[in-house]
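Chains as they are written, first to last, in my numbering: chain A, 1 to 606; chain B, 1001 to 1114; chain C, 2001 to 2339.
Worth double-checking, as some hints may not be accurate.
Calculated cross-link-like contacts (lysine-lysine; reagent style DSS-like; alpha-carbon spacing at most 27 Å) [as the list claims (entries may be wrong)]:
(1) K470/A x K382/A
(2) K2276/C x K2084/C
(3) K343/A x K1074/B
(4) K2140/C x K2238/C
(5) K1110/B x K304/A
(6) K2079/C x K551/A
(7) K1108/B x K259/A
(8) K343/A x K1108/B
(9) K2273/C x K551/A
(10) K378/A x K2084/C
Think of the hints as simulated: they come from the structure by calculation, not from any bench. Predicted model, so just to flag it, every value in this text is computed and none were measured.
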Amino acid sequence: MKTYFQYPFLIGMIFLFASLIYIYVRWYTKLSKYDKVRFRKFWGTKKVWKAIYDSINDGLLHASIFKKNPVLGYMHMSLAFGWFLLIVIGHLEVVVAKGGLNFPFYYAIFFRYFEPVHATTIAKIFAAVMDFLLLFILVGVALAITKRFYKKIFGMKHTTKLKPLDKVALYSLWAIFPLRLFAESCSAAVYQNGSFLTNTTGAWLGNIANSPAIYQGSWWLYSFALCFFFIALPFSRYMHIPTEIFYIFLRNAGIKTKKTWESYAQIQLYSCSRCGVCLDACQLYDAGISDVQSVYFLQFIRNKEDAEKPLFGCLICGRCQVECPVHLNLNDLRTALRIKASKPLTFSYSYTQKPEQQSADTIYFAGCMTHLTLGTKKSMAKIFDYVGEKVWFMDEDKSICCGRPLMLAGQYDSAAQLIEKNTELIKESGAKNLILSCPYCYKVFKEDYILPDINIKFHANYIKELIDQKKLPESKLNITAIYHDPCELGRGMNIYQEPRDVIEHYSHRIPLQKSKDKDQALCCGAGLGGINLTGDAKNAITHNAMTYFDKFNPDVLVTACPLCKKTFVSDRRIEVLDIAELVVKAIEQPNELKALPHREKSYAIS
Amino acid sequence: MGDLDFIKVKHLHINYDILDLDLLNKVLQEETSFQWCISCGCCTASCSAGNHTTFNVRRISLLLRRGEIESLEKELEKCMLCGKCTLVCPRDIQLRNVVMSIKKNILKYKMSSL
Amino acid sequence: MKKIAVIGGGVAGLEVSKQLLEANIPVTLIEQSSKIGGNIKNYAYLFPDFYNAEELLNSYHYLITDPNLQLLLNTEVAKIDFSKKTYNILTKDGISVPADAIVIATGYNTFDARLKEEFGYGIYENVITSVQLEQMFKNKEIKTPSGKIPERIGFIHCVGSRDAKVGNTYCSRLCCVTAIKQAIETKKLLPSVEIFCFYIDLRMYGLLFEDLYLSAQRDYNIQFVRGRLSEASEMLDKRILIKVEDTLIGKPLQMSADMIVLMVGMEASDFSKQFKYHNGLEVNEHGFFNPINPHNLRNLTSKDGIFLAGTAIGPMSVGETLDHARGTALSVLSFINAN
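For reference, chain A alone in the conformation it holds in the complex:
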């Protein structure tokens, strides 16, 4: 008997495949020549297995979300992995039942309609598995619906806001599995061809299912739900489902996000699953800001809305990037857009004067901010003196900024002018070593300056080396310290252990909670990326960060960034020291450290 209810499904499916092929081919062709080569070469390597593993782990199982929040993880996994298994095992079921591959494309979706009689044991086993998977998914759908209305249960403070097409896709997705349940229950009511789930629900339905209108109607509804979902998919957040897989393969092929907004960035834009995990990581909520966070920002871009305020209102601290289960390069995406937005603005540095050129083996480049943290500057001078290192303090006078603040504002071309001038000074000095005490400087010198044959070291690493070489004495004092990972040093350059080692040689370090430490460390709030953040917003973030540190009641708060240091000092609650200062004070003035100012303790109401 000819049926027509499969056509909505088929139309939806064809539309979906056609759109996806069209979109992905367009994106692929727009990739740079080198990226295409990389991608082609990738297929012959072992990296393909990693990509497949990532696709299963992240795309299906959503392992990263699971680790963050098991209930949220289950929800995503049940829909993704559950549906995947439903399709795969459903097709397997048909292959076994038909004894071959000779069946129409849509057969497996509507199997219980087309082959209502399942008498064999194998068929019963399959029916049980399929019922189990359906239940597995339905629990996830129930959770999804609950989350939309009662997000606190999921431990999430914020969920994403929806646009109209998103709603079409969302509601049809929610409808698919209950409708499948309804349709299969109707079949089960008539033919008892279900298993523990559908037979039960079929029994409840009873005689209603005998009506052809209801029976046929249930399968039509199911088909239409699938159709609407497939048609809405390329225009909705669910575009992330296929795009994420495409992105995983490109990423594993070694393709990097560029400074221009091109195809790879565009693919990442559509890989965002709007899961909202980046929201809880963002400290801007402390300042009452709720439209700058990554998920909303990407949405602005997708919808081609004016995104200038949210674009420049982000600290580029990287906390969201660490949490993103899709591993999007959120910082680089923002940077690429900042570059685009600030292209018309010009800067010119032909006016700079050169300091007196010196030749030296080692250069110390303090950086603009360090000139305001004199303690760090003096401590570095003392350390160099102590170990007899002859150093040229390159930017003591007539300092030229390293260029990173300009880059964070999107001004890469302007920064290149400063980079050129500083590079010339460094090369002409004949130095072999360059030591930095500011993480912003360190990052740009390592990543954007071209200084072959020069050892570029961060001062904490340099101090660690000195300790290991026994050139600096160890002096573990009986004081407690917390180490704050600066954003640019920790997440930015992956340096976590050396500063901790240095601190532990001189004090007792209190570890922070795992969820607020190392790559998840808090941002001080004053990041140079937050171009249009208000002073109040920054202070709110700093205040909350300090409140967190205060709970541990340390004697000192040690950091490795002059910006963090100046920012935390303004809060007044805890004594703040740079790592270099801690070292020098521990060696030269241990008593001063031991007699730190009496910390204010507030008395409860009596």
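Chain A is already provided as a structure; the job is to place chains B and C on it using the hints.
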């Protein structure tokens, strides 16, 4: 060249009634903290560019307030955006954003008058 | 007989005690250090007329032997119990002081200049505070910490005041006139020294203060530069390099000096930090205790029987502190007579 000629002043004296304060108002809208300046000079004293040339961010802000906007664009090319001024300001003024805002609005101003 | 406790043995607490004792009311005076006098012990001469601070303090000495005064030195308050009608102050040594009325005269702390790191205090040796300079006046000798006679001294106004970056946005009122006073005193001791005052505004609010300013320029050749210090650096010979903007000319200015003096502001005392969450002890956003209003109820708090005297409510000169304290004593007397 006279010492004070790096910014050409338009009039011999300021007549507040005839000033064009459009640019100033746009900047104030984008960065309200600009309003709080007490002209203490801390920003200019710590300026990285100021070490090399006559760039003076306090003076630029004040000139903007008095409608003297002719040479602002060229002067503002000198800023390295290093952020020292913002870090020392006792009134918590977000100077880096003030500089960016003036530059963007001058650009819009020029575009609209073309 | 009502019991009155005065917390704080500085001039405010002493003046309140003096007034109450003269009215035959017994007073328990609680002082955390080993001597009475509080912050005035750090002053040599008071503006505007160079009055001898030690003489002023000595005028309160006779109170120590007053039989109606119970003086508890070296005593810190641990807790105040407001639950019963008669309050109870518990000290850290475990002494219980019952009180029907409490006068909070806990004074101020000077701003810790190490927090203003870019000025170099505690890092460079030739950076001192106004408190340290005042000590030099007591010793009648001015030398840089490295032992040299200074030839040029810079006074830096507004250190720790009017500064959002250290959390004190208020003006500390007295530092401007103190700077001029100290500049004049320095010039008297070292007639050939060059003195520069680096200011943002000059707050000469008192009747005789502007005269002092004129005298500083006319009689002592003290020079004034309108520009706030942004960073100090140390030269090879340990002299200090001052970097400001001369805002009146509109150019950055740098100057080497043998010594710079930081005019540190007044901040809320440790006591107010500890007790700010206590019942009825209201502290405002600048950390000082809040009287009911700044007009006609400046000595009273919203809690019955708790009074405020002196710099516990904000920066004040010695004269203003004594005025205020007398008002507090009168309020306490009214309170006693009413109940």
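Now the hints, each set against the structure:
1. Distance check on the hinted pair: K470/A and K382/A sit about 16 Å apart at the alpha-carbon level, within 27 Å; holds.
2. The hinted pair formed by K2276/C and K2084/C meets the criterion: a straight-line CA distance of about 20 Å does not exceed 27 Å.
3. Note on K343/A and K1074/B: the hinted pairing holds, with a Cα-Cα distance of about 16 Å set against a maximum of 27 Å.
4. Between K2140/C and K2238/C the CA atoms are separated by roughly 24 Å; this keeps the pair inside 27 Å, and the hint holds.
5. Straight-line distance between C-alpha atoms of K1110/B and K304/A comes to about 25 Å, which keeps the hinted pair within the 27 Å bound.
6. Taken as a hint, the K2079/C and K551/A pair is honoured in the structure, with Cα atoms around 22 Å apart against an allowance of 27 Å.
7. About 25 Å separates the Cα atoms of K1108/B and K259/A, which keeps this hinted pair within 27 Å; it holds.
8. Pair hint K343/A plus K1108/B holds up; C-alpha atoms about 13 Å apart against a cutoff of 27 Å.
9. For the given pair, K2273/C sits about 17 Å from K551/A by alpha-carbon distance, which is consistent with the 27 Å threshold.
10. At roughly 55 Å between alpha-carbon atoms, K378/A and K2084/C are farther apart than 27 Å, so this suggested pair is violated.
The structure shown violates just one earlier hint, number 10.
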